[in-house]
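Line by line, the protein sequences are chains A and B. Residues 50 to 378 in my numbering are what the first sequence lists, from first letter to last. Residues 50 to 378 in my numbering are what the second sequence lists, from first letter to last.
None of these hints come from the bench; they were simulated from the model. Among the hints, erroneous ones may be present.
Take a look, some chain A residues computed to stay more than 12 Å from chain B by CB distance [as the list claims (entries may be wrong)]:
#1 97
#2 106
#3 115
#4 135
#5 213
#6 221
#7 237
The list that follows gives simulated cross-link-like pairs (lysine to any residue, SDA-like), each with its CA atoms no further than 25 Å apart [stated by the list, open to error]:
#8 B:64 to B:169
#9 A:239 to B:216
#10 A:142 to B:59
#11 A:142 to B:152
#12 B:64 to B:78
#13 A:142 to B:164
#14 A:64 to A:240
#15 A:236 to A:368
#16 B:142 to A:156
Pulled from the structure, derived: some chain A residues nowhere near chain B, Cβ distances all over 12 Å [said to hold, decoys possible]:
#17 71
#18 101
#19 141
#20 182
#21 183
#22 311
#23 317
#24 329
#25 358
#26 370
Ideal Cβ positions, reconstructed from N, Cα and C, are used throughout, including at glycine.
There are 2 protein chains.
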Amino acid sequence: MHVLITGAAGMIGRKLLARLVADGGVAGRTIDALSLVDVVAPEPPPGFGGRVTAWAADLSAPGEAARAVQARPDLIFHLAAVVSGEAEADFDKGYRVNLDGTRLLFEAIRALGLTERYGPKIVFTSSIAVFGAPFPEAIGDEFFTTPLTSYGTQKAIGELLLADYSRRGIFDGIGIRLPTICIRPGKPNKAASGFFSGILREPLAGQEAVLPVGEDVMHWHASPRAAVGFLVHAASLDLAPLGARRNLTMPGLAATVGEQIAALRKVAGDGAVRLIRREPDPTIAAIVAGWPRRFDPRRALGLGFRAETSFEDIIRVHIEDELGGRIGG
Amino acid sequence: MHVLITGAAGMIGRKLLARLVADGGVAGRTIDALSLVDVVAPEPPPGFGGRVTAWAADLSAPGEAARAVQARPDLIFHLAAVVSGEAEADFDKGYRVNLDGTRLLFEAIRALGLTERYGPKIVFTSSIAVFGAPFPEAIGDEFFTTPLTSYGTQKAIGELLLADYSRRGIFDGIGIRLPTICIRPGKPNKAASGFFSGILREPLAGQEAVLPVGEDVMHWHASPRAAVGFLVHAASLDLAPLGARRNLTMPGLAATVGEQIAALRKVAGDGAVRLIRREPDPTIAAIVAGWPRRFDPRRALGLGFRAETSFEDIIRVHIEDELGGRIGG
Numbered sequence: 050m051h052v053l054i055t056g057a058a059g060m061i062g063r064k065l066l067a068r069l070v071a072d073g074g075v076a077g078r079t080i081d082a083l084s085l086v087d088v089v090a091p092e093p094p095p096g097f098g099g100r101v102t103a104w105a106a107d108l109s110a111p112g113e114a115a116r117a118v119q120a121r122p123d124l125i126f127h128l129a130a131v132v133s134g135e136a137e138a139d140f141d142k143g144y145r146v147n148l149d150g151t152r153l154l155f156e157a158i159r160a161l162g163l164t165e166r167y168g169p170k171i172v173f174t175s176s177i178a179v180f181g182a183p184f185p186e187a188i189g190d191e192f193f194t195t196p197l198t199s200y201g202t203q204k205a206i207g208e209l210l211l212a213d214y215s216r217r218g219i220f221d222g223i224g225i226r227l228p229t230i231c232i233r234p235g236k237p238n239k240a241a242s243g244f245f246s247g248i249l250r251e252p253l254a255g256q257e258a259v260l261p262v263g264e265d266v267m268h269w270h271a272s273p274r275a276a277v278g279f280l281v282h283a284a285s286l287d288l289a290p291l292g293a294r295r296n297l298t299m300p301g302l303a304a305t306v307g308e309q310i311a312a313l314r315k316v317a318g319d320g321a322v323r324l325i326r327r328e329p330d331p332t333i334a335a336i337v338a339g340w341p342r343r344f345d346p347r348r349a350l351g352l353g354f355r356a357e358t359s360f361e362d363i364i365r366v367h368i369e370d371e372l373g374g375r376i377g378g
Numbered sequence: 050m051h052v053l054i055t056g057a058a059g060m061i062g063r064k065l066l067a068r069l070v071a072d073g074g075v076a077g078r079t080i081d082a083l084s085l086v087d088v089v090a091p092e093p094p095p096g097f098g099g100r101v102t103a104w105a106a107d108l109s110a111p112g113e114a115a116r117a118v119q120a121r122p123d124l125i126f127h128l129a130a131v132v133s134g135e136a137e138a139d140f141d142k143g144y145r146v147n148l149d150g151t152r153l154l155f156e157a158i159r160a161l162g163l164t165e166r167y168g169p170k171i172v173f174t175s176s177i178a179v180f181g182a183p184f185p186e187a188i189g190d191e192f193f194t195t196p197l198t199s200y201g202t203q204k205a206i207g208e209l210l211l212a213d214y215s216r217r218g219i220f221d222g223i224g225i226r227l228p229t230i231c232i233r234p235g236k237p238n239k240a241a242s243g244f245f246s247g248i249l250r251e252p253l254a255g256q257e258a259v260l261p262v263g264e265d266v267m268h269w270h271a272s273p274r275a276a277v278g279f280l281v282h283a284a285s286l287d288l289a290p291l292g293a294r295r296n297l298t299m300p301g302l303a304a305t306v307g308e309q310i311a312a313l314r315k316v317a318g319d320g321a322v323r324l325i326r327r328e329p330d331p332t333i334a335a336i337v338a339g340w341p342r343r344f345d346p347r348r349a350l351g352l353g354f355r356a357e358t359s360f361e362d363i364i365r366v367h368i369e370d371e372l373g374g375r376i377g378g
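For reference, chain A alone in the conformation it holds in the complex (with noise of 0.2 Å):
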């Protein structure tokens, strides 16, 4: 099978790349060829036998979006996008990227299907930016998108074209609306989200984090890990089932920041949490409120996504897949 992943140089991107090399398959099937783009060029996966493919481009420039379906891929992670802080900045660019990007995607596999047999399998990252408050205390599978974000207006877009193209038997996709993801590997950002993995990941390597909001927050969480089990078990998922509905949100663990750090505690100890310092940010307190904080995605779980339970998991999976094991700086 040919797997063409967009977005594969991101962080979600690589995870999966990693994933899929490590099974040398994907439903059922062996992958014997990779295509892999984003803005900068995807690394070719160490260990992968096959032929791939790996060059650096934007979808929503004119014919790159037919040259990443060129080879006929079967199966499309569709995760490339702009992130929310950006597509917030930079209207035209999310709007670019985001949306004609995600469209002009659809329509070149359409387009190819005008001519030939081809429809091949699609699992888009959607996110839970799709949602705005205010919401009801566990947000149902049926709750309206009403998003508070460029970023999630795009991600609703895409997931109503998904399930049109789809409906229509362009190809057959199903949309992913991941949790925010926790622990986040990698350097602080500025991300008002940020504070979320920030206040595990750096006390973890025995560095400072500040928590800009209080314990009582509660949020939405997944390991990066999680969200890649979500692509991969949505890769190979029986679609029809879902009718006209494709897109799902996914399971999480709903946890206050106190219950993050209470894990956090009994994973590390005192001296990690003593590395939390507690400095109140009105404004990103205020962006925060808006967010989500517990869902009830009994469609997703029916079909077999599973998430964390507990954050002290979540924590594990971090040491694991980030520290080599080990704790501390």
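Mind docking chain B on chain A? Use the hints.
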């Protein structure tokens, strides 16, 4: 005030225009200029003393959206759209007109706002086609949009764009999800929904009509006059209290075909009812089975939107507005 109507030559467009001219103003302000655009040039309305510019254009064609807003209308009724059946039959045309045309109009407004102070009010006609079965008994204001047609998909995307552009202060928009319009004036057509109007309109004109479904089929209706009332009321509302949730399901009347026929009997007698010929059509019955039956449009009711509350009223509106007050062929 300067008012632009896109789709001004359509059924609702013409009735809206007549109402605005009869009222002389809208939202408490006098109308001194009208811009009217449609794919065929709209007729300038008789009896209007202000400036009228009417022209034929497809808003999705290059430059046409910019031309439509060149005169900086204060209020825009964006009604232009390819209808459901055509958008399903012609994929490219539906997406071009309903999605690209709408986005280009919104972008033309944004382009003006980048260099000057410009941010009109926009009333956008959406549709209950943004919803797709299965449904709860009554569809609430927070139910998700999973359209089963490309038309419904395009309208749902228009709603998302409208909300995001409004949130960002580019314009001040409201989306109005119209019920099925009944009694639709004019000739019988091949739309799957045509019989809902046909079984009343044709007998009221002394003509035979075909009923392809059972009397227990329930659907969600409002008269053309009520639809125009929604648009005019929307134009007069302060939209700030809507926050980011700019799209509203309009009130309507949930009625079975049997209730429609009973109302026809009350208003026009047994002779009219005998003109309805039962000719079951399983294809039409299957399509209609996927349509909404009833809504619980609390937000719109709370904002003062009103539809008919009996089918006799819907029939009387037709007799007054289309038949000069007289029944019979």
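Structure-based check of all given hints:
With a closest Cβ-Cβ approach of about 37 Å to chain B, residue 97 of chain A is found to remain outside the 12 Å limit, as its non-interface label requires. Distance to chain B confirms residue 106 of chain A as a non-interface residue, since its nearest Cβ pair spans about 23 Å, more than 12 Å. Distance to chain B confirms residue 115 of chain A as a non-interface residue, since its nearest Cβ pair spans about 16 Å, more than 12 Å. With 12 Å as the threshold on Cβ separation, the claim that residue 135 of chain A sits away from chain B holds: the shortest Cβ distance comes to roughly 15 Å.
At roughly 4 Å, the least C-beta separation between residue 213 of chain A and chain B is not larger than 12 Å, which violates its mark as non-interface. For residue 221 of chain A, the condition that its CB be more than 12 Å from all CB atoms of chain B holds, with the nearest at approximately 17 Å. A cut-off of 12 Å between C-beta atoms confirms that residue 237 of chain A is not in contact with chain B; the least separation is 28 Å. This hinted pair checks out: residue 64 of chain B and residue 169 of chain B have alpha carbons roughly 22 Å apart, not beyond 25 Å.
Using a Cα cut-off of 25 Å, the hinted pair residue 239 of chain A and residue 216 of chain B holds, with the two alpha carbons roughly 23 Å apart. Taking the CA atoms of residue 142 of chain A and residue 59 of chain B, the gap is about 35 Å. The hint is violated against a cut of 25 Å. Only pairs whose Cα atoms come within 25 Å are accepted, and residue 142 of chain A paired with residue 152 of chain B is accepted, the gap being roughly 15 Å. Between residue 64 of chain B and residue 78 of chain B the alpha-carbon distance is near 19 Å, which keeps this suggested pair within the 25 Å criterion.
At roughly 19 Å between alpha-carbon atoms, residue 142 of chain A and residue 164 of chain B fall within 25 Å of each other, so this suggested pair holds. About 21 Å separates the Cα atoms of residue 64 of chain A and residue 240 of chain A, which keeps this hinted pair within 25 Å; it holds. In summary, the hint linking residue 236 of chain A to residue 368 of chain A is supported, as the alpha carbons are separated by about 16 Å, within the 25 Å threshold. A C-alpha spacing of about 14 Å is found between residue 142 of chain B and residue 156 of chain A, which places the hinted pair at or below 25 Å, so the restraint holds.
Here residue 71 of chain A stays apart from chain B, with its beta-carbon at least about 36 Å from theirs, past the 12 Å limit. No Cβ of chain B approaches the Cβ of residue 101 of chain A within 12 Å, the least distance being about 34 Å, so the stated non-interface status holds. For residue 141 of chain A, the requirement that its beta carbon stay farther than 12 Å from each beta carbon of chain B is not met, with the minimum near 10 Å. With a cut of 12 Å on Cβ distances, residue 182 of chain A falls inside the contact zone with chain B, its closest approach being about 9 Å.
Against the 12 Å criterion, residue 183 of chain A falls within the reach of chain B, whose nearest CB is about 9 Å from its own CB. A cut-off of 12 Å between C-beta atoms confirms that residue 311 of chain A is not in contact with chain B; the least separation is 33 Å. No Cβ of chain B comes within 12 Å of the Cβ of residue 317 of chain A; the nearest lies about 40 Å off, and the non-interface call holds. A cut-off of 12 Å between C-beta atoms confirms that residue 329 of chain A is not in contact with chain B; the least separation is 26 Å.
The beta carbon of residue 358 of chain A is kept farther than 12 Å from every beta carbon of chain B, the shortest such distance being approximately 26 Å. With a closest Cβ-Cβ approach of about 34 Å to chain B, residue 370 of chain A is found to remain outside the 12 Å limit, as its non-interface label requires.
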